[in-house]
Every structure is written in structure tokens, then in C-alpha cells.
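*Asks:* Spelled out, the chains give:
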Amino acid sequence: MASFTERMVPVLVLWLAVCLAETWAVDRGNFKTCDQSAFCKRQRALKPGESPYRALLETMELTNTRLTLQLINDNNKVRLLLELYRLQGNITRVKINELKPLKPRYEVPDVLIREPPTEPLSLLSQDENGVVLSLGSESQRVIISARPFRLDIMEGSDVLMSLNSRGLLTFEHLRMRKDTFSYKVTSTVASVWDNIKRVFSSQADPEAEKKEEADPANQAETTKEEEEKVEDGMWEETFKSHSDSKPNGPSAISLDFSLPGVEHVYGIPEHADTLRLKTTENGDPYRLYNLDVFQYELYNPMALYGAVPVMLAHNTQRTTGIFWLNAAETWVDISSNTAGKTVFGKMLDYVQGSSETPQTDVRWISESGIIDVFLMLGPTPKDVFSQYASLTGTQSFPPLASLGYHQCRWNYNDQEDVQSVDAGFDEHDIPYDFIWLDIEHTDGKRYFTWDPHKFATPKEMLQGLMDKKRKLVAIVDPHIKVDSNYKIHNEIRSKGFYIKNKDGGDYEGWCWPGSASYPDFFRADMRAWWASMFAYDQYEGSMENMYTWNDMNEPSVFNGPEVTMHKDTVHGAWEHRDVHNLYGFYVQMATAEGLIQRSGGIERPFVLTRAFFAGSQRYGAVWTGDNAAEWDHLKISIPMCLSLGLVGISFCGADVGGFFKSPSTELLVRWYQTGAYQPFFRAHAHLDTPRREPWLFGPENTALIREAVRQRYTLLPYWYQQFYHAHRTGEPIMRPLWVEYPQDPATFAVDDEFLIGRDLLVHPVTEEGARGVTAYLPGKDTVWFDIHTFQKHNGAQNLYIPVTMSSIPVFQRGGSIIPRKVRVRRSSTCMEHDPYTLYVALNLQRTAEGELYIDDGHTFNYEKKEFIHRRLSFAKNILSSVNLAPDAQFTTRSWIERVVILGASKPSKVTLQTADGQDSQLEFDFDASMSVLTLRKPGMNAGADWTVMLQ
Amino acid sequence: MRFQVIVAAVFWSGFVESRKVRGISSSYKRFYKERKSFLCIDGSKIIPFEQVNDDYCDCEDGSDEPGTSACPRGRFYCTNLGFRPHYIPSSRVNDGICDCCDASDEYNSPAHCQNTCWNLGQKERAYVEGQMRTLDEGLRLKQQLIEEGVLLWREKQAQLRELQQVAEDLQIKLEEHRRRKHEAERLKEQTLKALEAGDSGLRHQNRTETSIFQLLDSNKDGSITVDEVKTKVVLVHDEERLLSEDEALGLLGGGHQIDLTKFRRTLWDVLTRGDSVKIKDTPGSDDPHLEAADKAAEWEATNLKKVEEAYETVNMEISDLRKKLAIDYGTDWEFLFLNSQCYKLKVYEYIYTLCPFNQVTQKNTAGTEVSLGSLSISPHIHQPLEHISKVLPGQLSFPSEEVLPSAR
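Chains W and C, in that order, give the protein sequences. The first sequence begins at 1 in our numbering and counts up by one. The second sequence begins at 1 in our numbering and counts up by one.
If you're looking for bench data, these hints aren't it; they were derived computationally from the structure. Since the model is a prediction, treat every value here as computed from it, not as a measurement. Hints may contain errors.
The list that follows gives simulated cross-link-like pairs (lysine to aspartate or glutamate, EDC-like), each with its CA atoms no further than 20 Å apart [stated by the list, open to error]:
{"hint": "1", "chain 1": "W", "residue 1": "240", "chain 2": "W", "residue 2": "508"}
{"hint": "2", "chain 1": "W", "residue 1": "937", "chain 2": "C", "residue 2": "54"}
{"hint": "3", "chain 1": "C", "residue 1": "280", "chain 2": "C", "residue 2": "239"}
{"hint": "4", "chain 1": "W", "residue 1": "468", "chain 2": "C", "residue 2": "106"}
{"hint": "5", "chain 1": "W", "residue 1": "47", "chain 2": "W", "residue 2": "231"}
{"hint": "6", "chain 1": "W", "residue 1": "454", "chain 2": "C", "residue 2": "349"}
{"hint": "7", "chain 1": "W", "residue 1": "937", "chain 2": "C", "residue 2": "239"}
{"hint": "8", "chain 1": "C", "residue 1": "346", "chain 2": "W", "residue 2": "416"}
Here chain W is said to cover these stretches of chain C; the calculated rule only asks that three of the stretch's residues, wherever they fall, bring their Cβ under 8 Å from a Cβ of chain W [as the list claims (entries may be wrong)]:
{"hint": "9", "segment": "91 to 102"}
{"hint": "10", "segment": "178 to 184"}
Residues on chain C that point at chain W, a partial pick, calculated with CB under 10 Å [stated by the list, open to error]:
{"hint": "11", "residue": "51"}
{"hint": "12", "residue": "53"}
{"hint": "13", "residue": "54"}
{"hint": "14", "residue": "55"}
{"hint": "15", "residue": "56"}
{"hint": "16", "residue": "57"}
{"hint": "17", "residue": "58"}
{"hint": "18", "residue": "110"}
{"hint": "19", "residue": "348"}
In this text, a Cβ means the ideal position worked out from N, Cα and C, and glycines have one as well.
Given only the sequences and the hints, what does the whole structure look like? Please build it.
*Replies:* Here it is as C-alpha cells:
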């Protein structure tokens with residue numbers, strides 16, 4: 001007892017210290033470290049060195065579209081099949097699988113929007129050491145070295161990327177279990193039989209002998225394999241009280257990538273960490289495993305709700321990307337040869353000329369599946385975005401209203417509550433578009449139902465909102481209450497659509513409704529059925545202004561290992577282990593499909609998801625999950641959404657105000673000001689927190705919040721155009737500075753400010769009690785205009801900006817034209833026909849360019865060319881609107897009510913020329929102190945051709 | 001004829017003028033008199049009059065666009081003839097949602113707004129009339145409650161006075177009883193003392209053979225018998241036990257009776273040795289004076305206790321009553337009737353029991369009861385009583401059967 005106490009004292013002290021330092025944090029013990037994840041531990045134990053893999057060049061086959069080649073592991077003689085493709089748009093795809101796996105290994109379906117179109121590969125040279133292939137015209141080559149196997153992608157004399165250069169390619173081949181009785185019997189009998197056969201054949205059949213020699217692999221394989229030791233966790237693994245049966249044994253894969261000349265890597269969300277990824281040598285790798293992490297901690301590599309296995313690498317010369325298409329639990333190690341060096345050390349290297357090239361090494365480890373990796377070779381950031389978009393698609397084009405403000409809380413108690421909150425927005429003249437209902441709106445957490453007391457007449461409620469041109473989102477989670485009186489459950493069960501446990505019964509876990517089962521969204525027929533449940537006649541009480549929110553779709557299982565599903569549950573032929581990170585992706589896919597179908601394919605859906613994977617951008621919006629009302633959580637919302645944007649998911653936001661705990665008024669105001677400039681703008685709050693509708697903090701703060709929300713609404717035309725652009729190109733909307741200023745290293749690690757599109761730079765105030773912020777204004781020959789004061793600042797400088805509680809430092813780039821609607825109304829739909837004000841910010845060359853996109857805001861008719869897309873440009877004192885899509889047709893009642901030209905000089909006359917050739921003089925006002933010229937009421941239709949001349 | 005035309009023209013132009021400036025109240029009309037130019041109401045700018053309500057915001061204060069949505073901080077006046085006029089934010093002009101009941105805010109919008117002012121006005125008038133009726137009814141009820149309250153108050157006051165009188169009487173009584181008890185005790189004490197003094201004197205004087213003989217010779221026949229010994233003599237170490245026949249005989253030297261002479265040689269010796277037997281020590285037990293004094297003291301004590309208890313009870317009642325009377329029941333005691341009432345309210349699965357000026361409890365369907373504290377009503381909020389009478393029957397079961405037994 002005494003010794004126990006003695007031992008416990010330091011532990012207690014440590015515990016207390018931890019508690020004092022961090023009174024509130026994730027329970028880390030609930031989640032695995034690499035050391036606690038058997039395959040990660042096994043793989044990470046392998047150190048860089050000579051690879052046991054050898055390319056068997058004689059097996060090479062090269063067709064017009066692909067190269068195949070066998071690799072052999074000299075240690076165990078297991079053969080792999082390497083496939084190499086050159087894809088359209090400067091992408092190289094490398095696939096590695098077992099040549100003859102014991103059973104098929106999982107290949108991720110449905111994430112790629114199509115089988116990527118290939119381009120011809122040509123052989124440049126070949127000898128016994130390797131082959132050189134041409135990747136088309138750009139002097140890009142692939143070099144495959146045979147011994148050991150290694151793959152290099154070169155451009156000219158530069159190596160862009162090397163695979164297996166550190167020899168960390170591993171492939172745990174599928175095998176029979178050795179310690180089971182049946183295996184022992186078969187293997188013993190087999191080896192006895194082999195020996196007998198060999199004895200006889202050597203005497204009687206010299207042909208057979210030769211055969212044996214010709215195929216030494218077989219023989220070696222059996223002998224070698226027996227030498228392989230069975231490690232802990234290969235055939236069974238336990239974590240806390242959960243055991244993972246692993247009937248297929250070890251199946252992990254791993255591959256290393258070297259990126260010469262690269263010091264900055266980004267992406268692989270979702271992590272609550274900085275934009276620039278850190279090296280992981282002194283801790284755990286970044287983990288990708290969709291998990292419902294209660295009260296997540298910041299600045300660490302722990303897994304969160306979603307996973308996009310895409311990493312971007314950037315230096316001043318080039319941007320590249322690695323897309324590791326694998327849905328199993330994945331860990332990513334990052335190391336760098338310069339990471340440890342101080343600035344002084346780097347300088348010393350430079351002065352002495354002894355510097356080795358900086359290099360970042362990355363290693364991907366996944367628990368199962370195959371290696372299927374897309375090397376996106378840039379060279380510009382935008383090329384990488386378009387390359388990735390060509391594989392997984394672009395951001396869905398959301399309904400315009402969903403870019404407005406969303407008011408959410410767990411929970412709005414009943415219809416009266418909804419009505420009074422709705423009325424509160426009108427009373428305080430704050431616009432909003434969506435009010436949200438969390439899980440309490442259902443009848444006992446049975447999704448697709450309503451609480452009969454609190455939401456007795458949902459259609460009445462929805463009609464009330466519709467009368468105000470507003471909308472509602474109701475939650476639909478994928479865990480289904482096990483209750484024989486619940487229609488949804490009965491149907492899923494009778495159709496056999498539930499995920500099965502390892503023994504073949506319906507898997508049951510614990511979630512909000514108590515005992516719950518999980519539909520197998522990996523089945524297309526299940527997804528089709530799920531989608532059909534959103535039909536107006538199926539989903540009682542639903543109407544066309546009601547949309548959907550998918551939460552808990554990691555999936556969250558309260559009593560499962562790491563709060564998620566057991567890995568040995570079964571999805572048809574596959575284990576949950578193989579597919580885990582895809583679950584949320586499919587839930588959102590099926591839900592979005594349901595919303596499309598219910599309107600007969602006419603209306604765009606809006607679905608918010610918490611879990612996601614590569615490709616989730618195609619189905620709606622994502623938020624950063626259950627954050628907290630803390631300043632650091634406000635700050636982290638920026639890098640978290642930036643990282644998502646880099647890998648295609650643009651429609652991102654964080655819970656404004658913070659989900660857990662209660663924000664100070666200052667934090668709440670600052671969060672509104674930040675959220676107003678992030679793509680998905682929703683306030684949300686935990687059930688246990690006091691109410692925090694915008695008007696509950698005194699008139700001054702109500703006014704501050706109102707102003708932030710109003711700024712959002714004035715900029716909706718710009719946001720909408722950005723979404724259209726993202727939908728077309730895959731470029732992020734909220735983007736890091738380096739994307740636009742790729743040659744300015746000062747921008748590479750910036751993650752306290754960001755760009756919206758190219759033209760708006762936002763540096764939100766995220767410090768408590770801030771009196772000022774220092775914003776980096778990028779661009780050497782660029783000027784930036786404060787959007788509130790119109791003051792002009794030069795680029796390539798750190799600008800100190802004094803701030804008050806009303807300040808939201810936002811700048812418009814000189815050279816851009818931004819359309820706004822300044823008549824802010826109750827909701828975005830109320831502003832549909834309102835006129836535009838054009839903000840023309842002149843650059844040093846006194847030119848500017850921008851776009852204007854208009855459509856009906858909610859249907860898929862834009863796909864049928866029903867939209868207006870115009871290029872606005874200012875040059876030589878002429879501002880004009882030119883049709884960017886002459887084959888498109890749409891009419892709008894909106895007109896141009898005002899043009900504000902920043903950085904202008906005073907004209908003597910301003911003439912408007914419309915398409916019919918008529919000239920008219922425009923009145924104008926010139927503010928000499930700020931060089932702002934305002935053209936009064938030019939009045940032309942927003943869809944028309946026109947020219948305005950300043951003389 | 002010409003005059004008429006002029007008059008008509010003036011009329012018409014006046015009509016046009018008031019029609020043209022949309023969205024202002026009559027009190028603001030003076031700012032919008034048709035002239036060549038318009039001065040923004042905040043005085044910041046002069047603009048041509050054609051630019052008033054031309055759907056472009058010129059004035060910082062929004063005053064040039066009272067009838068359009070052009071100014072971000074503007075407001076639009078709904079005249080709402082037949083109903084109440086009011087202002088709406090300019091942003092609600094032509095937004096497709098009918099805000100003014102006269103439909104004046106949606107003059108250029110696809111929303112088909114009907115003029116509903118007359119209906120609304122009628123409804124409101126009906127509502128107000130209803131309110132008035134309810135108010136009257138409430139006031140009547142209130143008057144009734146006041147009367148009841150006043151009566152009850154007076155009753156309680158009278159009760160208080162009565163109780164106070166009783167208490168006073170009891171106090172006098174109490175003092176009298178205390179005095180008498182004291183007296184009786186003193187008497188008892190004296191008697192006891194006297195008796196004790198007499199007793200010890202007796203013993204002292206008569207410590208002679210003759211006096212002891214006489215004491216033992218209860219029937220004064222000149223001889224002591226066995227029975228006489230048994231009644232008067234006890235063992236030193238066990239006073240309670242009667243002597244046996246043999247023991248008595250032994251003390252008498254074997255004979256059944258002894259005379260004085262024989263006594264000297266037998267019992268006297270034993271008694272003077274004093275180590276085995278002694279004369280029974282029962283001072284005063286058979287003294288009638290002492291017995292009477294004792295009984296009297298006991299009687300007086302019981303009486304006092306009874307009076308004390310009565311006094312205490314009365315005082316408690318007084319303090320209870322005072323506490324109740326100290327509660328603010330409104331200026332006219334109109335809330336006094338609530339004091340003994342309880343109301344039940346069912347909200348989803350919970351039943352709330354509210355007892356004004358007393359406890360509030362919550363009970364769920366499982367029967368678990370939780371106290372939510374006490375409900376104090378501050379009548380000085382002066383919530384009109386009609387409100388209570390209106391709300392209670394709907395949401396609370398009021399009152400007859402559902403009224404719980406009052407707390408007291």
C-alpha cells in the first residue's frame with residue numbers, strides 16, 4: 001500500500017499539473033497513439049534503409065496507356081504488381097497491389113468522378129538498372145530503378161518527387177494464420193508432401209527439377225514465410241476493453257515520398273493544427289481516421305471527424321500534390337532535413353555554400369487496401385487544384401441562400417421557440433437565411449420524425465419561415481434507433497441494409513437514441529433507399545425549404561473503440577477496417593441525392609456533414625465539428641478551413657461562438673466578425689450553454705453583430721461568384737496567401753489571415769482585448785484598399801492596423817472589381833432582384849478586372865446555361881461589361897445602381913454607353929481626400945453590355 | 001369658371017404632391033414640400049427634388065428615400081388607414097413580403113399583398129373590446145377579491161386582537177399561577193422544615209428508654225408486642241423489608257410482649273448498639289400537614305404548566321398570523337385570497353404545483369417530486385388581475401376540485 005502511494009504521488013502531481021494547465025481537454029486516453037495502433041507501430045519500427053523490393057524489369061509491359069511491372073520483396077519473395085499511368089493534366093498515377101493476393105484487397109470506389117483519362121507513356125531508355133519513361137512534352141520523365149526499387153519523377157535535371165527513395169515501401173501480404181490448428185495441419189501436410197514430391201521428382205523427373213529452379217520464388221517463399229515472426233497485434237488487437245478480431249491478419253501498406261527542395265507541406269485534413277504541416281519525428285504522425293473526438297485539443301496531429309488523404313508541397317518554383325487514395329486508418333509521417341535548423345544555421349549553410357538542398361520526406365502508412373497514389377505535378381497551385389478536381393470533382397454549387405447566415409443551437413425547443421427566434425431577427429433587423437434544428441426536434445432521436453408535442457405541426461412552422469423567404473435545416477444522423485415501432489428501422493432491417501457484426505448479425509452500438517444500428521451506406525441499393533426517404537411523401541412534415549444536416553457520421557458509436565465502429569464489422573465482402581474513412585462521405589452523398597430527387601432533379605441540395613473524405617466537396621458543406629468557446633478555437637478555424645480548401649472542400653466553417661462552453665461577449669462578437677468572412681457562416685451552441693442569439697448581449701453588441709452579418713450579406717454576390725468559380729475550377733474559395741503569391745516565402749506559413757478568392761484579404765481580430773493587428777499585405781506591386789475606409793496601402797509589407805470592437809480588417813486588392821448588394825434585407829432571397837454596386841479598386845496601372853455571376857440561385861438550370869456571367873474590366877478610363885458566356889441565357893431585374901472607383905482621379909465628364917448605342921451623362925461625386933469616385937445611378941441592367949467612359 | 005379651374009389645379013397639384021412622396025407620415029410632410037431642391041433632414045446635403053424617392057440613396061440619413069429601399073438606414077411609414085400606422089425599415093420595401101397592412105410597402109413587387117387594415121382594425125377593435133370586457137370583468141373580480149380580502153384581513157386582524165387579548169389574559173393568569181405555585185412550594189418547604197425540626201427535637205429529647213418505649217408502644221398499653229416491633233423497627237441495612245415473626249421475637253428476647261423493664265435489657269440494648277436494627281425512619285409520612293402542602297404544590301405546578309402551554313400556543317398563533325399579515329397582498333389585499341390556494345400546471349410530462357406565497361413543486365409522470373423553491377408574488381408589479389383570471393383557467397386547473405388542501 002505504501003509503495004503504491006509512493007508510486008502514485010508523482011503521477012498525481014503530474015496529473016494535477018496537467019489539470020491545472022489544461023482544465024478542459026480531450027480525454028486522450030480514448031484515442032490511439034501510433035504505438036497503440038498495431039500496424040502503425042509495426043510500420044514505424046521500420047527505419048529508412050535499403051528497400052527489400054526489386055523491380056523485375058523483365059516483367060514490364062507497356063501499353064499505350066499504362067505500364068505494369070512486378071516488384072519482388074527479396075526477403076519473403078512476395079511479388080507485387082506496379083501499375084503506372086500518365087493521366088491527363090500532368091498527373092501520374094502509381095498503383096501497387098499484391099500480384100496474387102490471397103483474396104482481393106480493397107480498392108476505393110466512388111471517390112474518383114470517373115476512370116481518369118490517360119495519356120500515352122513512351123519509353124525513353126531501358127537497361128538492366130531501370131527504365132526511363134517520358135511523361136509527355138514537358139521534359140518530364142519517370143525513372144524506375146530496379147535494384148532496389150525506386151521511382152523518381154524528373155523535370156529537366158530536377159527531381160520533383162521520389163518514391164521509395166528511403167526504402168519504406170512495405171506491403172503486408174495477406175496470409176494464412178499459422179497458429180491455428182487448420183493452418184498447422186495443412187502446412188505440415190503440405191510441407192511433408194512437398195518434401196516427398198521433391199525427393200521423388202529429383203530422381204524421376206528432371207523436368208520438374210528444372211521447373212523448380214526456374215521458379216525459385218515458390219520454394220523460397222514457403223521457407224521464408226515460415227521464418228517470419230508473428231508479432232503482437234497481427235491477428236488480434238485490443239484497445240481498452242475493445243478487441244479487434246482481425247480475421248485477415250496483417251495487411252498494412254506503406255510508402256515514402258521525398259520532395260527535394262520542399263520545406264512547406266500542407267493539407268491532409270482534418271487536424272486542429274497550423275496550416276503548414278509540422279514534422280512528426282518527435283511525436284505521433286498525423287492521423288487520418290474519422291473520429292468523433294469529444295472536446296478536441298488544438299495544435300496536435302490527432303485524428304478528427306474527417307479525412308482527406310491529400311498533401312500539397314510548395315516552394316517558390318513549384319507546387320505538387322500527393323493523393324493517397326486509401327480509406328483505411330492512415331498515418332502520415334513528415335520529416336525534413338531543415339526542420340531542426342535555426343535561421344542562423346540556414347544562413348551559415350548559405351554563406352558557406354555547404355547547404356544541402358532542403359528536402360521534406362513524407363511517409364504514408366495505411367492499415368489495409370492497396371497503394372493507389374496520384375502524383376499531381378502542378379506546377380502552379382492552381383494547376384494542382386485543377387488536377388485534383390479532375391480526379392475527385394469540385395465543390396458542389398450550393399443554393400445562394402446557404403451562403404447567408406445560419407442560426408443554429410442544440411436545440412430550438414419547439415415551434416414557438418423557432419418562431420420567436422425568427423421574429424427576434426426581424427425585430428433587431430439582422431438578416432438570416434436558415435434556422436437549424438438539432439436532434440431534440442425528433443421523436444426520441446428517431447430521424448425523419450418530429451417530436452409530437454414540441455413540433456406538432458412542422459409544415460406550419462416551415463410555411464411561416466417560407467413566408468419570410470427563410471429556410472430550415474433539420475438533422476438526420478445515420479445511427480438508427482433499434483425499435484420495432486420505428487418504420488425506418490424496420491425497413492432497413494427487413495431489407496438487410498444494416499452493417500453486420502463479425503458474426504453476421506446486425507451490428508448494434510450506442511448513440512443518441514440508445515441502442516442503434518448503422519445502415520450500410522456502402523451499398524448502392526441502401527443509398528438509393530435512403531435517398532428515397534427524403535421524398536416529400538416519405539419524410540412527413542418536410543417541405544422544399546427544409547434541408548439536411550448529417551452529424552455523427554464518422555460513424556460515432558459511443559460504446560465503440562475510439563467512439564467509432566469496430567473494425568471487424570462487415571460490409572459485404574469488406575471489413576469496416578478497409579472502408580472506415582468513407583462512411584461519412586457516403587452518408588452525405590445519399591442524403592444530397594435524396595434532396596435532389598425529392599425536387600425531381602431541379603433543386604440544388606444543401607447538406608452539411610461532419611465526417612468527410614476526398615470527394616466530399618461534391619455533396620455540400622463541412623464544419624469543423626464540436627469546437628469550444630475559446631480564443632484559440634477561433635484562431636484555429638482559419639488554418640482548419642484553409643487546409644480543407646486546399647484539398648477541394650471549400651464550403652467550410654466553424655461553429656460561430658464555439659460549441660462547448662459559453663463565449664465572452666467580446667469573443668462572440670469577434671467570432672461573428674471572423675465567421676462573416678468564412679465560407680460557411682453558422683452560429684451553434686451546446687445544449688448546456690446559455691442562450692446566445694445575437695441580441696442577448698446589449699444593444700451595442702447587437703449592433704456589432706448586426707454589422708458583421710450585414711457585411712456578409714452585402715458581399716453575397718462576390719461569395720456566390722466565388723462558389724461558381726470553385727465549382728468550375730476546384731480552386732479554394734478561402735485560400736492561403738501563398739496560393740496567390742506562390743513566390744513570396746513570407747506568405748508560406750501565414751494562417752492568421754486569408755484570401756477570399758483573389759481579391760479580398762481578411763485578417764480577423766482573434767486576440768482578446770486586441771488594440772491592433774499586424775496584417776501582411778502581399779504583392780510587391782500590389783495595392784490594397786481598406787474596404788471600410790477606402791484607404792490605400794502598398795503590398796509586400798506588414799501593416800499595423802489599430803482596431804476597435806467594430807473593426808474587421810478586410811482589404812480589396814487593387815486591380816479587382818467586386819460586385820456587392822448594399823441593400824441588406826431580411827434574407828438573401830429577399831435581395832434577389834436588388835441592384836448592384838460595383839467596387840472598382842484600381843491597381844498601379846489603373847486597371848481592374850472582375851466578374852459578375854447571376855442565376856436563379858437555387859436550381860440546376862445553370863447547367864442548362866441559364867445564367868449571366870460577365871467580365872467587368874476597367875482600363876484606360878473605360879469600365880465595361882462583357883459577356884463571358886454568350887451561349888448562356890438568363891434575365892435579371894437587377895441593375896447597377898452605383899459604381900465606386902477606388903484610387904481614381906477626378907474626371908470632368910462621365911458617359912454611359914449602352915448596347916443600343918445611346919449615350920448619357922452620369923452624375924458623379926468625387927472624394928479627393930480618399931480618391932474615391934462614385935458614379936450615381938448609372939441604371940443599366942446587370943446582364944447588359946455597357947461601357948462607362950471617364951473623361 | 002376660370003377660378004374653378006385654378007382651384008381644381010391647386011387641389012390637384014396638392015393631391016399630386018402628397019401622393020408623390022411615398023413613405024412619410026403627415027408630420028414629416030413639411031420636409032418634403034415640392035421645391036426645386038431638397039435638403040436632407042440632417043442638413044448634410046442639398047439635392048434636386050427629383051432625386052427624392054428616385055431609388056438612389058443620396059442623403060446619409062436616408063431622408064431622401066423614405067419610400068424606397070435605397071437607403072440602408074432608412075424607414076418607411078405605413079399609413080395603414082383603418083389600423084395602426086407604423087414604421088418599417090426601408091429594407092422591407094418591395095422585398096416580396098407584405099409588412100404594411102395597407103400593402104403600401106410592396107408597390108413594385110410580385111407579392112400580391114391585400115389591404116387588410118380594415119380587417120385588422122376590426123379585429124383589433126374586437127380584441128380591444130374583448131380586452132376591455134376582460135378588464136372590466138377582471139376589475140369586478142378584483143373588487144370582489146378586494147372586498148373579500150378586506151373582510152378576510154379584518155377577520156384576521158380581529159382574530160389577532162382576540163388572540164392578543166387571550167394572550168394578555170393568559171399572561172395575568174400565568175403570573176397568578178406562578179405566584180400560587182411559588183406560595184405552595186414555600187408552604188411545603190416550611191412544613192417540611194418544621195416537621196424535620198420537630199422530629200430531630202423529638203429524637204434528641206426522648207433518647208431515653210421511656211420515650212423510645214412509648215414510641216414503640218403504638219397502642220399505649222404499656223407493653224410492646226411482636227406486631228408493634230414489626231411496624232416500627234427495621235433492619236439498618238434493609239429498611240424496606242419487614243422483620244419476620246422470628247426476628248421480632250428475637251428482638252423481644254423470645255417473649256411475645258415486653259414491658260419497660262424487660263425492654264431495657266433486650267431491644268433497648270440492640271437499638272442503642274444501632275448496628276442491626278433501628279426505629280423506622282418515616283418523618284412526616286404520616287404527617288397530614290406535610291401531605292396537604294405537597295399536594296397543593298403539585299396542583300399548582302400542573303396548573304401553571306397548563307397555562308404556560310396555552311400561552312405558548314396562543315403566542316405561536318399570533319406569530320403565524322402576524323407573519324401572514326406581514327406579506328404584501330397588494331395595496332387592497334386583492335391577492336390575499338391566493339394565500340391558501342394551490343394550482344396545477346401540466347407541461348409535457350411534468351405537473352407543476354404552484355402555491356402562491358408558498359412552495360412550487362415539479363412532479364414527473366414517474367411520481368418523483370422536486371421542490372423548485374417558494375413562490376413569492378410581488379403584487380407591486382401590479383399585473384392586472386384580469387390577466388391572472390384570464391391565464392389561470394386555461395393553463396392552470398382552477399380552482400374548485402383541483403385546489404390542493406391549503407398548506408395550513
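*Asks:* Next, verify each hint and record whether it holds.
*Replies:* Structure-based check of each hint:
1. W/240 to W/508: Between residue 240 of chain W and residue 508 of chain W the Cα gap is close to 19 Å, so the pair holds against 20 Å.
2. W/937 to C/54: holds (10 Å)
3. C/280 to C/239: holds (7 Å)
4. W/468 to C/106: Roughly 14 Å between the alpha carbons, so the hint for residue 468 of chain W and residue 106 of chain C holds.
5. W/47 to W/231: With a Cα-Cα distance of about 17 Å, the restraint between residue 47 of chain W and residue 231 of chain W holds, given a limit of 20 Å.
6. W/454 to C/349: holds (12 Å)
7. W/937 to C/239: violated (129 Å)
8. C/346 to W/416: Status holds; Cα separation ~17 Å.
9. 91 to 102: holds (count 5)
10. 178 to 184: violated (count 0)
11. 51: holds (9 Å)
12. 53: violated (13 Å)
13. 54: holds (7 Å)
14. 55: holds (8 Å)
15. 56: holds (4 Å)
16. 57: holds (9 Å)
17. 58: holds (8 Å)
18. 110: Result: holds, 9 Å to nearest chain W Cβ.
19. 348: Because about 6 Å separates residue 348 of chain C from the closest Cβ in chain W, which is inside the 10 Å limit, the hint holds.
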